[in-house]
Amino acid sequence: MRRIIAILLLIIVAMGINLTLAKIPFGTPKTKVGTHYIKEGIKQTGSDNIVTAVVVDYRAFDTLGEVTVLFIAAIGLGAVLTAGAGVGNRKTQPASMVLYTGCRLLFPLILIFGTYTFFHGGGFQGGAIVASGFLLIYLGCRERRISQRAFILAASLGGLAFVVIGLMGLVFGSYFLLNFLPKSASNMLFSAGVIPIIYAVIGFKVGSELASIIDNLIEES
Amino acid sequence: MILLASFLVVVMLVGAVAACIFRDLISAVIAAALVSLIAAILFYFLQAPDVAMAEAAIGAALTAAIFIIAISRTKRHEQ
Chain A
52 MRRIIAILLL IIVAMGINLT LAKIPFGTPK TKVGTHYIKE GIKQTGSDNI VTAVVVDYRA
112 FDTLGEVTVL FIAAIGLGAV LTAGAGVGNR KTQPASMVLY TGCRLLFPLI LIFGTYTFFH
172 GGGFQGGAIV ASGFLLIYLG CRERRISQRA FILAASLGGL AFVVIGLMGL VFGSYFLLNF
232 LPKSASNMLF SAGVIPIIYA VIGFKVGSEL ASIIDNLIEE S
Chain B
53 MILLASFLVV VMLVGAVAAC IFRDLISAVI AAALVSLIAA ILFYFLQAPD VAMAEAAIGA
113 ALTAAIFIIA ISRTKRHEQ
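Chains as they are written, first to last, in this note's numbering: chain A, 52 to 272; chain B, 53 to 131.
Everything labelled a hint here was simulated from the structure, so no lab data went into it. Cβ coordinates follow ideal geometry from the N, Cα and C atoms, glycine included. One or more hints might be untrue.
What the hints assert, rightly or not - Partial pick of chain A residues on the chain B-facing surface, computed with a CB cut under 8 Å: (1) 173; (2) 186; (3) 188; (4) 265.
Unchecked claim - Heads up, incomplete: computed chain A residues facing chain B, CB under 10 Å, no partners named: (5) 168; (6) 176; (7) 217; (8) 261; (9) 269.
Working from the sequences, and respecting the hints, build out all of it.
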C-alpha cells in the first residue's frame with residue numbers, strides 16, 4: 052500500500068515538473084543580463100573565461116558568501132570530531148611500495164595541475180584537485196601528518212586576503228570588490244586585474260579546507 | 053556523439069540503481085562514484101569543463117574517500 056502511494060506521488064511530482072518545464076524553450080536566452088554578460092563580459096572584466104568573470108567579478112559577493120559557508124563547515128567538522136577525542140594513535144599498516152612510490156611521484160604533479168587550474172579560472176576546482184592530492188598523500192605515506200593548525204591558518208589567510216582585496220576596491224574606487232588593477236591584453240597572467248588573484252586565493256582556501264576535512268576524518272579513524 | 057552520450061546515461065542509471073541495491077556498502081560507494089564520474093564526462097560533452105572538473109574531483113574522489121573512511125569505522129555490510 053505504502054509503495055503504491057509513493058509511486059503515485061512520484062508520478063504526480065514528475066508530471067508537475069514536466070508541465071512546468073515543458074513551456075520553457077531549451078537553450079534560448081531568457082534573460083537580458085545573461086546575454087549582457089556574454090557580450091560585454093570580456094570587455095568589462097578582462098577575463099577570457101566568462102564563467103570566471105561572472106563568479107569572481109559580477110557575483111564576487113556571492114562567492115565570498117559561498118567560501119565562508121565552506122569555511123564554517125570545515126571548522127564545524129573539526130570542532131565536532133576533535134571534541135573529546137583522544138590522541139589518534141592508531142596502528143597503521145605501511146602502504147605497499149607501489150602505492151608509496153606512485154603517491155610520491157604523483158603528488159607534485161597534482162599540485163602543479165591544481166595551481167594551473169587556479170590561474171585558468173577555476174579556483175574551486177583547483178582547490179578540490181589540491182585536496183585530492185593531499186588525500187593521495189594520506190593514502191600512500193600514512194605516517195605523515197600535516198598539522199591541523201597549518202590548514203586552518205591557510206584557510207583563514209585566504210579568506211582574509213579575499214576580504215582585504217575587496218576593501219582595497221573600496222579604497223581605490225567606489226565599491227566593495229572593485230576590479231582596481233589595470234587590465235592588459237588578454238592571455239596574460241594578470242590581464243583580468245584582481246580576478247586571478249582572488250581566484251588563486253579562493254583555490255588556496257578551498258584546498259586547505261577540503262584537505263583539513265579529510266585530515267580530520269582520517270585522524271579520527 | 054549522441055550515441056556515446058546515451059550509452060553513458062544508461063551506464064549512469066545502472067550505477068545509480070546498483071548503488072541503491074548493493075548490500076556491500078563499499079561496492080555501493082564505488083557505484084556512486086561511477087555515477088559522479090560519468091556525470092563529469094557528460095558535463096564535459098555539454099561544454100562545461102569547469103563543472104566537470106569540480107564533479108570529478110569532489111563527487112568521484114573526495115566524497116567516495118569520505119564515505120569509505122566512514123564505512124571503515126562502522127560496518128561494511130548493510131543489515
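Comparing the hints with the structure gives:
1. 173: Since chain B brings a Cβ to about 5 Å from residue 173(A), closer than 8 Å, the hint holds.
2. 186: holds (5 Å)
3. 188: violated (12 Å)
4. 265: Result: holds, 7 Å to nearest chain B Cβ.
5. 168: holds (7 Å)
6. 176: Given a least distance of 4 Å, the restraint on residue 176(A) holds.
7. 217: Because about 23 Å separates residue 217(A) from the closest Cβ in chain B, which is outside the 10 Å limit, the hint is violated.
8. 261: At about 6 Å, which falls below the 10 Å cut-off, the nearest Cβ of chain B leaves the hint on residue 261(A) intact, so it holds.
9. 269: Nearest chain B Cβ about 6 Å off; hint holds.
Of the numbered hints given earlier, the model fails hints 3 and 7; all others are met.
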